[in-house]
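Residue numbers (this note's numbering), protein chains in the order written: chain W, -8 to 312; chain P, 13 to 356; chain U, 4 to 330.
One or more of the hints may lead you astray.
Claimed, not checked - In silico DSBU-like cross-links for lysine-lysine, where the CA-CA straight-line distance does not exceed 35 Å:
| id | chain 1 | residue 1 | chain 2 | residue 2 |
| --- | --- | --- | --- | --- |
| 1 | P | K131 | P | K309 |
| 2 | W | K158 | P | K181 |
| 3 | U | K62 | U | K176 |
| 4 | W | K46 | P | K212 |
| 5 | W | K35 | W | K46 |
| 6 | W | K93 | W | K72 |
| 7 | W | K45 | W | K93 |
| 8 | U | K285 | U | K70 |
| 9 | W | K23 | P | K239 |
| 10 | P | K181 | W | K93 |
| 11 | P | K131 | W | K93 |
| 12 | P | K212 | W | K35 |
| 13 | P | K212 | W | K158 |
| 14 | P | K309 | P | K212 |
| 15 | U | K139 | U | K176 |
| 16 | W | K23 | W | K93 |
| 17 | W | K23 | W | K46 |
| 18 | P | K309 | W | K158 |
| 19 | W | K23 | W | K45 |
| 20 | W | K35 | W | K45 |
| 21 | U | K326 | U | K70 |
| 22 | W | K46 | W | K72 |
| 23 | W | K93 | W | K46 |
| 24 | U | K176 | P | K239 |
| 25 | U | K326 | U | K285 |
| 26 | W | K45 | P | K181 |
| 27 | P | K239 | P | K181 |
| 28 | U | K326 | U | K62 |
| 29 | W | K23 | W | K72 |
| 30 | P | K131 | W | K35 |
| 31 | W | K72 | P | K212 |
| 32 | W | K35 | W | K72 |
| 33 | U | K265 | U | K139 |
I should point out that these hints are in silico values taken from the structure, not numbers from a laboratory.
Letter by letter, the chains look like this.
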Amino acid sequence: MLAYLVRRAAYGVLVVFGVLMLLFALFFGVTKPDDIARRAIGEKAMPSVIAQWKKNHGYDRPLWPGAGHLTDNLLVDHFRKMLTFDFGRSDADDTPIINRIKDGAGPSLSLTLPEFTCGIGLGLIIALFLAFFRETYIDRAGLVLGVLGMSVSVLLYIIGGQFLIGKLLRWFPISGFDSSWLVRPRFLMLPVIVGIAAYLGSDTRFYRTLFVEEIHRDYVRTARAKGAGEIRVMARHVLRNALIPILTGIVISVPTLFMGSLLLENAFGIPGLGSLTVDAITGNDFATLRAIVFIGSLLLVGGQILTDITYTLADPRIRLE
Amino acid sequence: MAALLSSHITANAVVGLLLLGALWVARFVRRNRLWRDAFTQIARRRPLALAVCALYVSLGLIDSVAWIGGGDTGGDAVASHQPRSLLDRAFGTSRERSYSAPLARAEFYGQRPLAHPGKHLLGTDVLGRDVLFVTLKGARIALLIGGLTSLISIPLALFFGVLAGYFGKWLDDAIFFLMSVLASVPGILLLIALIMALGKSTLSVCLALGVTGWVGFCRIARGEAMKLRELDYVHAARALGVPEVRIILRHILPNLIHLIVITFVLTFSSQVLSEAVLSWINIGVDGSWGQMIAQAKDELARDPIVWWNIAGAGGGLFGLLLAINMVGDAVRDVLDPRTSKENL
Amino acid sequence: MALLEVRELTTSFPSERGRVPVVDGVSFEIRAGEVLALVGESGSGKSVSAFSVMRLVPKPGHVDRGKVVFGGRDLLTLSVPEMRAVRGHSISMIFQEPMTCLNPVLRVGDQVVEAIQLHEPVSRAAARARTLELFKKVGIPDPQERLDAYPHQLSGGLKQRVMIAMALSAQPKLLIADEPTTALDVTIQAQILELLRELQRDFGSAILLITHDLGVVNELADRIAVMYAGAIAEQGTREEVLGAPSHPYTQGLLRAMPALVKRGERLNEIPGVVPRPSDWPKGCHFCTRCPRAFEPCPDITPSETVLSPTHSVYCHAVARDLKGSPS
């Protein structure tokens, strides 16, 4: 088990290096420092101004390692800085990126955590319910609602939610945020509701499929032949087995909860990492984007390793091999 | 290059190719009993959804066939030298100055009489364009996003997946590493990174969607190739000395077609939805329904509300996605070997 | 007085041509303590008959009509909780595929404990002790350790022994064994059959043994019922059915055994293939392949022709031979 963990972590490190290479190719290769400079200060800027900007932002070195500059080049720089979280300053407004990231994590998490947990909980409960009543009118109605819900873009949920609940019913404010933990829930309710509603349809259908697949397995027939009732069958046998794939699907998303939701934060004015990303896009702030994508990847790789571990622990067939 | 790609002649040529391709597929399906049965079953389960998809495809085709000249442009000199599609010509020139409600006779703000009163079924937007017209044009964009990106991602996935699964060893390790790296960047962030690097244009959006989309199917193709490689008749073919390429083309690939069909239909809707999200943050495709919705997001906050933009784009998007999802369900039920029922 | 009496059992499934019976008017009975082998090819409806008795027919199939009388009650009319009390307690069932019949994430000991606790208010410790005894009785080596094993850690034969232990935990009056040895190696098959015979003697349970293997039948059965395409063709004691088969299908089956044919000679076969349930003839289901088929066969379902107190056949030709007129 330990050997597996070490191997898995080592591969993860390799992947992170691969991601860094990819980022380098995209942000220094496909888009050259000249382009970045031009996008920051204007297309028609004079070469001397561009050169100065590049110098200020540390872009004025050669791209690859070569004679005379084995370590003083953008590639090594990129790796070194990213791995030490030395993100430098924003290309757009010169503020330290690491501070903006630290400030953004909290608000993002206060949105994504409740949305994630309640969304999954609700999805599981409804899916269990539908699986219990499979092939009846209840199930069919649930499936129809599910496919209808899936076909509506999340954008429409956002706009609709803001209009219906924010403007017409006036239950919650349309957007905004507050740093105080007492006031914050008011502003978070609407985005959380919208976030849950937008994905409830597809999540429920997915879980239901897993449950129904398990229900048709032979060991469920054995349980019934023993005299077990439907509720016990669902709870003790079906759920236990279906939870394995469900859990692994959940665990992988947990670390990336820090990254927030681009759409929801942008639409509801929540100053999290999602908003930071959107700002970086509009401001052509490549330095910030690099940092965000890197951190996102780190978190995702962490999630993948966590998933493998969870899967190994949860499924006795794998754990005891 | 970009000019060639966006030229109307290329578009016309692509439409022609698509039609020819569709005819070839229809002939193949008619001859092959298994596929004919599959198609009949799908058509029997979801006739309405298939019809709706056909409708959207027709709309897209109508807007793709374009040529310069002819027709009345109402004195707009620039327009008469630009390629205009069948759809453009059907709507002619029906611009107003700004907003107007559906079937209204006067402008929304200011009550000035319209140039074409009562003719705008879905009103006009902030630039005075007929909303129904803009909505219908969005169909072609949506089909482009869903279809073209799949045209990029599926062959890529097949190429790498089959290579990795069939040949194994270091090739498999290398491709698996590549897949892992791409899969380790959160989807939306990878899309953003690619688009920012390539420049914000329609082509880069399609490329980005294609590049981020191929990993999922690649895994499946790799798994299947690994399974198929071990089948007895593949062993026999190799023992007989059949060249590997031929084995792949004749034995491996045909057994992946049903998975290709399922994947194509299922990823279509997710691509369209992804593009909508990209439009919201201003790096989407021009003229898409996502962009319409993004531009109209503040309109519901006004008093009185302007609802027809969102209704048009939202309705178009919903209709297409619902139809695709339903057809996708039927396709998966019929083609997925795990869910096919027994014959009594 | 029969322990289990099945009368005119009919179970159907939906198909493209509407609802189609897979078990069509089947009748048989089992006496206390005896082994009845229900023999037939795949698709003859023998498993579905067993599921129908247990009321475990998978949806969308269901029992259309018939009576299943057990202990004085018609099982088909019981309420769901009443039926649940019967399952695993008075009637138990073991299945064909031991590999997939146990819950992979629960320890095997716990699964047997569950079977015990579903029908008796005993503590977990007491149930575990009982399980240990059962494991010993069914011949599982290292039973104490095996209590906490997971299914994937056991071989096919061991898993089937666990299933048997689970089924016998409440000392049922009837054990239904659906092809219990088909998925096992030949040597393990013999062991499991030997085990079943032993346990049947010790516990006194009756066994409804479903199989397509005449060798298994010969080992274990007291009486045999031969099924073809959803209907019973012939039933009687082992000696009667194997020694003096009357139904053309039974005769064809026995003649087809490779052991009877000399080297180099062509094997005896029954010409044709088993028809799909939607293609069954209105009358006798075997008539399309029967060498003795005549006028009434395609349209009239043969009724029971009694050859002896224990031996009966469902065949017009045999009836005609006996009484001079078709049944």
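Verification of the supplied hints:
no.	hint	in the structure
1	P/K131 to P/K309	25 Å, holds
2	W/K158 to P/K181	60 Å, violated
3	U/K62 to U/K176	27 Å, holds
4	W/K46 to P/K212	26 Å, holds
5	W/K35 to W/K46	18 Å, holds
6	W/K93 to W/K72	17 Å, holds
7	W/K45 to W/K93	26 Å, holds
8	U/K285 to U/K70	22 Å, holds
9	W/K23 to P/K239	44 Å, violated
10	P/K181 to W/K93	43 Å, violated
11	P/K131 to W/K93	54 Å, violated
12	P/K212 to W/K35	19 Å, holds
13	P/K212 to W/K158	34 Å, holds
14	P/K309 to P/K212	21 Å, holds
15	U/K139 to U/K176	21 Å, holds
16	W/K23 to W/K93	28 Å, holds
17	W/K23 to W/K46	14 Å, holds
18	P/K309 to W/K158	13 Å, holds
19	W/K23 to W/K45	11 Å, holds
20	W/K35 to W/K45	15 Å, holds
21	U/K326 to U/K70	29 Å, holds
22	W/K46 to W/K72	17 Å, holds
23	W/K93 to W/K46	27 Å, holds
24	U/K176 to P/K239	47 Å, violated
25	U/K326 to U/K285	23 Å, holds
26	W/K45 to P/K181	44 Å, violated
27	P/K239 to P/K181	15 Å, holds
28	U/K326 to U/K62	43 Å, violated
29	W/K23 to W/K72	18 Å, holds
30	P/K131 to W/K35	45 Å, violated
31	W/K72 to P/K212	27 Å, holds
32	W/K35 to W/K72	30 Å, holds
33	U/K265 to U/K139	45 Å, violated
The structure fails hints 2, 9, 10, 11, 24, 26, 28, 30 and 33 (numbered hints given earlier, in ascending order).
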